[in-house]
Amino acid sequence: MSHIALPSPDQTILERRNDLLKRLKKLVPGAILITDEEGRRTFETDALTAYRCLPLAVVLPKSTEQVSAILHFCHQNKIKVVPRGAGTSLAGGALPLEDAIVLCLSRMTQVLDIDLVNRVARVEAGITNSGITDAVASEGFFYAPDPSSQIACTIGGNVATNSGGAHCLKYGVTTNNVLGVRIVLMNGEVLDIGGPELDPPGYDFLALIVGSEGQLGVVTEVTVRLFKAPEGARPMLIGFGTNESAGACVAAIIAAGIVPVALEFMDRPAIHVSEQFAAAGYPLDVEAILIVEVQGSDDEIDTLLEKIGQIAEDFSPLTIRMSQSEEESAKIWKGRKAAFGAIGQISDYYCIDGVIPLSKLPKALQDIGWICRRYRFDVANIFHAGDGNLHPLILYDANDPLQLERVELCGAEILKLCVELGGCLTGEHGVGIEKRELMHEQFSEADLTQQMRIKAMFDPDWLLNPGKVFPLDERGAQ
Amino acid sequence: MTGPMRVGFHAPDAVEELAHLVAEAADTRTPIEVMGRGTKREVGRPVKYGTVLSTENLNAVSLYEPSELVLVAQAGAPLAQIEQLLADNEQELPFEPVDLGPALGFGPGQATIGGVIATNISGSRRIHSGSARDHVLGLEAVNGRGEIIRSGGRVMKNVTGYDLARGMSGSWGTLAMMTEIALKVLPAQREMRTIICFGLDDQTAVEALCLALGTPFEVSGTVHMHAGLAEQFSEAEIAGSGKSVTAIRVENFPASARYRSNRLKQMLQAYAPALELDTGPSRIFWNEVRALRMFQRRPDHPLWRISTQATIAPKLINAVSRKIEVRALYDWSGGLVWLETPPISDAGTVEIRRTLAEFGGHATLIRADASVRGAIDVFQPLDPQLMALSTSLKQVFDPVGILNPGRMYPEI
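The listed protein sequences derive, respectively, from chains A and B. Position one of the first sequence corresponds to residue 1 (the numbering used here), numbered consecutively onward. Position one of the second sequence corresponds to residue 1 (the numbering used here), numbered consecutively onward.
Hints are supplied without guarantee of correctness; some may be wrong.
Claimed, not checked - Result set (BS3-like, lysine-lysine): computed pairs, CA atoms no more than 27 Å apart in a straight line:
#1 K62/A with K228/A
#2 K243/B with K265/B
#3 K228/A with K315/B
#4 K307/A with K337/A
#5 K243/B with K228/A
#6 K22/A with K62/A
As the list claims (entries may be wrong) - Reference excerpt, derived from the structure (chain B facing chain A, CB under 10 Å, subset only):
#7 L104
#8 D134
#9 Q266
#10 A363
#11 V396
#12 V400
To be verified - Just so you have them, the derived chain B footprint on chain A, three or more residues with Cβ under 8 Å:
#13 37-46
#14 194-204
#15 294-308
#16 386-397
#17 426-433
In case anyone wonders, no lab produced these hints; they're calculated from the structure. The beta carbon of each residue, even a glycine, is placed where N, CA and C say it ideally should be.
Construct the complete structure from the given sequences, taking the supplied hints into account.
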């Protein structure tokens, strides 16, 4: 086990476990309650698999009313609650606690209302991200934020972490695409925040709830904006001799007034590993590639790709491949989409999620390489270049506890570097337990206190998803 | 700054001094009127303040990186100055903030960027690009305790901690006094084309606008105005039409804008598109919409801003107009309605709020005499649960209640 501590469990809750669960079962007979060890084992971790903890129990409600009854019960009995969607958090946002009940929304998957004229949909929080698009795709519409876990992750989880995705440079992240939520507060109170309108009345509580990592309430319904799908989309691939020229090319594309729908960057190690497994035909004699995708009609796409190709010429590209067909598009994306899996085939990896100002890209890549060398790790960089959201993948052996501890220190150092360069600790994965203790790097005491006052306002006993987001000592100081 | 706070006007040029003044006001429980350059001073409930604190001397653009699409400015930086700087670099604020100044008796372009974010009043492009608050990347502010707090940052993506930056947007200075704002900007659109239909009734117009927004052509403006409202507009054919005006905008590189506009015209044949404006006249037209040109002529007439669902809007306005004479500008294909009512004692509040309760949506009174604003709910009354939560949030930011107290609601 490594160095991130978890809050010590409340012994009185552990002692009363049987009695509490019996009462809970009676209270919500319609909900699924998992109490056996084998069943609970399924929920002991999320996608930050280095950390595991068996929860007190797992409950899977089927309605807002059940969520309300469960939270009311937990509030009265001072039982901690860890809300969970699909458990795809890479930051330990859904990691259970020994004395907590995991409240898993994965059975609440209904599409409640689709209004294509006003371009909004209301769904239950447990529906998957791509489930929303699936429900409207036949009419040519889609839900825009597209985290790479979109087949599995739930919209409720997206709301909790304010998820992004490859296409957010153009369409924005979750907070820009959610208009309303139904939320259950820790005391069981049910509130509707926002709605189908484009502006909320009064304070913007929705902004506070989106990205609050399940600490302010449990979202059970979400109203999202929908967009009409573009006529078409095609990528191009550009290979460069240096990371610097790839970075400069990104800046030049944007300076020319083009906002591509996706702008992905892969460095040499990432290209080589992915090519080895996916055989997408990526050039192996380059230091970096950019995958740039644009949308529109066929003619519009041709014109834009042509223009981007001309811009790239100024940065001595070694390869330029413009997709002319769906087949070619799929091939260009194949390597990028397979990259994480491919790297996973050769090694365990620790995925970092820092953000930097784009102009600092060459320095960031250089320093990341240097930091990883110092910790004796290989690193591959894959990221959304348009918005400076870096995902260095540090290769290590997860079965070696010493390496795990070292890789976490290495990751922390990279994130501190991101903050020093003017960026932030997390662009889309959230703070969770992983980056909790680094919050001081980015925020002053007053900043953190203001955030914690909001936490305490919604949940005075700190029962909802405690031990996440804020440094543990800060919580003690409250 | 030392010594006790004087009653009067303060416009510090350092954030620390502003924080100090707020802390002092908190000590003496002196209510502060939070202000930029005062163009929206007459919006909200009339309140007696002990002192005025302005950000007008905190007006620097602290950082602008065109290639990173980010601009950081102090809250008192004039909007006009920021937009000029962006235009010089062929960029723009994508949310096209409404310039309330001229409709409220001020000159154009005098608002501050802090005022824009504090009120979150987005313009026509909101329907495509998102609202003012959607473009806030980070914020520095002074809370009611006089503490300087920061949230977010200056990068495009940031989920580190709670999103106080967007959370403070639209709070009309009642939670904290913004001192610096980081914004996402975008390349300015090179070509703009506007398709105009005349004489559509509200219901039909909204149908056409929604149809346009349901296409892949990235329609970025969808307005409809009642007959007579466009009389002051520069484009002669529009001003002289004597009919309602429905306008649909597309923007992009020239060839794309032309292609999209042509496709849209075909799809909208049933609505008889009669006129197409190219880039120059389009810019003038949308700037006039943005400055609410149609509501500048009758400053004594109350002006409402109503947020609802597009398809509900025509029914709602129809129901209201059966009781009082109104003139409406539909924006966001109907999701937003600017409504001018006659100068009657309640500004039409009773009818508007009663109709909203039936159809759904909410309304804010943007322009009316202080006597009217003192007697009615200027902001949409909230249900008790939400009001209780709002009171708690106010407590969290401003426990003594000195920042614009009562400006939005008596309780906060």
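Hints versus structure:
no. : hint               : in the structure
1   : K62/A with K228/A  : violated (31 Å)
2   : K243/B with K265/B : holds (20 Å)
3   : K228/A with K315/B : holds (26 Å)
4   : K307/A with K337/A : holds (25 Å)
5   : K243/B with K228/A : violated (31 Å)
6   : K22/A with K62/A   : holds (19 Å)
7   : L104               : violated (19 Å)
8   : D134               : holds (5 Å)
9   : Q266               : violated (14 Å)
10  : A363               : holds (9 Å)
11  : V396               : holds (5 Å)
12  : V400               : violated (14 Å)
13  : 37-46              : violated (count 0)
14  : 194-204            : holds (count 10)
15  : 294-308            : holds (count 6)
16  : 386-397            : holds (count 4)
17  : 426-433            : holds (count 6)
Going down the numbered hints, you'll see the structure goes against 1, 5, 7, 9, 12 and 13, while the others check out.
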